[in-house]
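Residue numbers (the working numbering): 22 to 175.
Just so you know, not all the hints are guaranteed correct.
What the hints assert, rightly or not - Within a straight-line C-alpha distance of at most 16 Å, the following computed EDC-like cross-link-like pairs (lysine to aspartate or glutamate) qualify:
#1 Lys129 to Glu72
#2 Lys119 to Glu74
#3 Lys117 to Asp150
#4 Lys76 to Glu44
#5 Lys119 to Glu70
#6 Lys78 to Asp96
#7 Lys119 to Glu168
#8 Lys78 to Asp112
#9 Lys141 to Glu44
#10 Lys43 to Glu74
#11 Lys117 to Glu163
#12 Lys123 to Glu44
#13 Lys130 to Glu70
#14 Lys117 to Asp96
#15 Lys119 to Glu44
#16 Lys129 to Asp79
#17 Lys117 to Glu44
#18 Lys117 to Glu152
#19 Lys78 to Glu44
#20 Lys119 to Glu133
#21 Lys76 to Asp109
#22 Lys135 to Glu44
#23 Lys119 to Glu152
It should be emphasised that the hints constitute simulated quantities derived from the structure, not laboratory data.
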Amino acid sequence: MSQISLSQFADKMGEIMPIMMKEFTRCMAVELHKGRVTLPQIMILHFLEIEQEVKMKDLARFMGVTMAAMTGIIDRLVKSGHCTRIYDSQDRRIIKIKLTAKGDNLIKKINEGKRQMIIKIFGKISAIDREDYLRILLQIKEILLKENSNLAQS
C-alpha cells in the first residue's frame, strides 16, 4: 500500500472496523442469539473476570453509564445467575459485584471461542505481521487508556 493521508487512513479504518467487530462478535453469537446475554453484559462479565470483585460505581464508570443504568444491567445478570451482589458489612451502600460459577463458565466459553477465531485468522498471517499488529494494538490500547484516564480526571 502506498503512502496514504491520515484522512484516507481514517476512511479505510472506518470501513474495516465494523467488519472486524462483526466477525469477532460472531464467536459470541451462540450466547447472544440464545438471548442469554447482551454484548454490554459480556463486557461486564469479562471485566469482572479480570477484576474479581468490583464496586457498582466502578462498573458504571467502566461502561460509561449512569448508576441507574448499571443497576438495571446488573439486575438482569443477577437474575440470570451470572453475577452476585456482595454488600459491605460496614456500609450497605457499598455494593460489589462478583461473577458466579455460571458467569465464570460463560465467559470462559466465550473467551475460548474468541481464542479459536484469533488462531484461525492469524494463523494465515506471518509471525512478523502478527508481531507488528500486536505492537500497534498495544500502542493504541495505551493511548486509549491514557485518554480515558485524562477524561476521568477532568
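Okay, the hints, checked on the actual structure:
1. The suggested pairing of Lys129 with Glu72 holds, with an alpha-carbon distance near 15 Å, which does not exceed 16 Å.
2. Taken as a hint, the Lys119 and Glu74 pair is honoured in the structure, with Cα atoms around 5 Å apart against an allowance of 16 Å.
3. About 41 Å separates the Cα atoms of Lys117 and Asp150, which puts this hinted pair outside 16 Å; it is violated.
4. For the proposed pair Lys76 and Glu44, the alpha carbon gap of about 32 Å is over 16 Å, so the pair is violated.
5. In summary, the hint linking Lys119 to Glu70 is supported, as the alpha carbons are separated by about 8 Å, within the 16 Å threshold.
6. A threshold of 16 Å between alpha carbons decides the hint, and for Lys78 with Asp96 the separation of about 14 Å falls inside it, so the pair holds.
7. Taken as a hint, the Lys119 and Glu168 pair is broken in the structure, with Cα atoms around 27 Å apart against an allowance of 16 Å.
8. The hinted pair formed by Lys78 and Asp112 meets the criterion: a straight-line CA distance of about 14 Å does not exceed 16 Å.
9. For the hint linking Lys141 to Glu44, the alpha-carbon distance of about 12 Å falls within 16 Å, and the restraint holds.
10. With a CA separation close to 30 Å, the supplied pair Lys43 and Glu74 exceeds the 16 Å bound.
11. A C-alpha spacing of about 27 Å is found between Lys117 and Glu163, which places the hinted pair above 16 Å, so the restraint is violated.
12. Taken as a hint, the Lys123 and Glu44 pair is broken in the structure, with Cα atoms around 25 Å apart against an allowance of 16 Å.
13. Restraint check for Lys130 and Glu70: the C-alpha separation of about 12 Å stays at or below 16 Å, so the hint holds.
14. The hinted pair formed by Lys117 and Asp96 meets the criterion: a straight-line CA distance of about 13 Å does not exceed 16 Å.
15. Distance restraint check for Lys119 and Glu44: the Cα-Cα separation of roughly 29 Å exceeds the 16 Å cut-off, and the hinted pair is therefore not satisfied.
16. Taking the CA atoms of Lys129 and Asp79, the gap is about 22 Å. The hint is violated against a cut of 16 Å.
17. Between Lys117 and Glu44 the CA atoms are separated by roughly 33 Å; this puts the pair beyond 16 Å, and the hint is violated.
18. Between Lys117 and Glu152, the direct Cα distance comes to roughly 38 Å. Violation of the 16 Å bound is thereby established for this hinted pair.
19. As the CA atoms of Lys78 and Glu44 are separated by approximately 31 Å, the hinted pair breaks the 16 Å bound.
20. Taking the CA atoms of Lys119 and Glu133, the gap is near 21 Å; set against the 16 Å cutoff, the hint is violated.
21. Between Lys76 and Asp109 the alpha-carbon distance is near 10 Å, which keeps this suggested pair within the 16 Å criterion.
22. Taken as a hint, the Lys135 and Glu44 pair is honoured in the structure, with Cα atoms around 10 Å apart against an allowance of 16 Å.
23. Between Lys119 and Glu152, the direct Cα distance comes to roughly 34 Å. Violation of the 16 Å bound is thereby established for this hinted pair.
Checked against the numbered hints above, the structure breaks hints 3, 4, 7, 10, 11, 12, 15, 16, 17, 18, 19, 20 and 23 and satisfies the rest.
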